[in-house]
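A.B. asks: The opening residue of the sequence shown carries number 7 in the working numbering; numbering runs sequentially from there.
Take the hints with a grain of salt, since some may be wrong.
[To be verified] Computed cross-link-like contacts, DSS-like style, restricted to lysine-lysine with a CA-CA straight-line distance of at most 27 angstroms: (1) 115 / 125; (2) 100 / 79; (3) 40 / 30; (4) 135 / 125; (5) 103 / 114; (6) 98 / 125; (7) 125 / 108; (8) 36 / 85; (9) 115 / 103; (10) 108 / 98.
Derived from the structure by calculation, the hints contain no laboratory data.
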Amino acid sequence: MDAQTAQEECKLFLAALESYTTGKMTPLLKEELKYRILSRRLSEGREELTLDRQADMSRQDVHQCQLRPEELKRIETRKEQNRKAAQKFRLKKKLEKDSVSKEYEELKKRNSVLREEVKRLSNIGQIMKKVIADMCQAKTGPLPSK
7 MDAQTAQEEC KLFLAALESY TTGKMTPLLK EELKYRILSR RLSEGREELT LDRQADMSRQ
67 DVHQCQLRPE ELKRIETRKE QNRKAAQKFR LKKKLEKDSV SKEYEELKKR NSVLREEVKR
127 LSNIGQIMKK VIADMCQAKT GPLPSK
């Protein structure tokens, strides 16, 4: 195993260790992505990329240096659109939830009313049966028992 391979394996091991300790897959995914890009470049016959890690700038600094003002404006516009879309989505979900909740309460009330109606009609039915039985008994005598 040459020194370059050993160094790459060490980087991969450190990324796996960092992923394990932090509980986030980001370090491991970064290494995997780096190797995929490198593999694709080599398979296309292009040269290896050399990464200069000495200039350790934050992501925000890199974007500020590399992007033109119109690109920065476009990014800010996109962020604002995303914020508005997210807010609209959350409001829509809240309204849907409220609507379903309101419908549930209305159906619950309707169910209660219908159950009361069933009880009332059942009682009327029993009273009618008793009245009919009493009338039959008064005219013809007692009804045979079942």
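A.B. asks: If a hint holds in the structure, say so; if it does not, say that too.
C.D. replies: To see whether the hints hold, each was checked on the structure:
About 15 angstroms separates the Cα atoms of residue 115 and residue 125, which keeps this hinted pair within 27 angstroms; it holds. A distance of roughly 31 angstroms separates the Cα atoms of residue 100 and residue 79; the hinted pair therefore is violated under the 27 angstroms criterion. A threshold of 27 angstroms between alpha carbons decides the hint, and for residue 40 with residue 30 the separation of about 17 angstroms falls inside it, so the pair holds. Restraint check for residue 135 and residue 125: the C-alpha separation of about 15 angstroms stays at or below 27 angstroms, so the hint holds.
About 16 angstroms separates the Cα atoms of residue 103 and residue 114, which keeps this hinted pair within 27 angstroms; it holds. Taking the CA atoms of residue 98 and residue 125, the gap is near 40 angstroms; set against the 27 angstroms cutoff, the hint is violated. In summary, the hint linking residue 125 to residue 108 is supported, as the alpha carbons are separated by about 26 angstroms, within the 27 angstroms threshold. Taking the CA atoms of residue 36 and residue 85, the gap is near 24 angstroms; set against the 27 angstroms cutoff, the hint holds.
Between residue 115 and residue 103, the direct Cα distance comes to roughly 18 angstroms. Compliance with the 27 angstroms bound is thereby established for this hinted pair. With a C-alpha separation of about 15 angstroms, the suggested pairing of residue 108 with residue 98 holds against the 27 angstroms cut-off.
Consistency with the previously given hints fails for numbers 2 and 6, ordered from lowest to highest.
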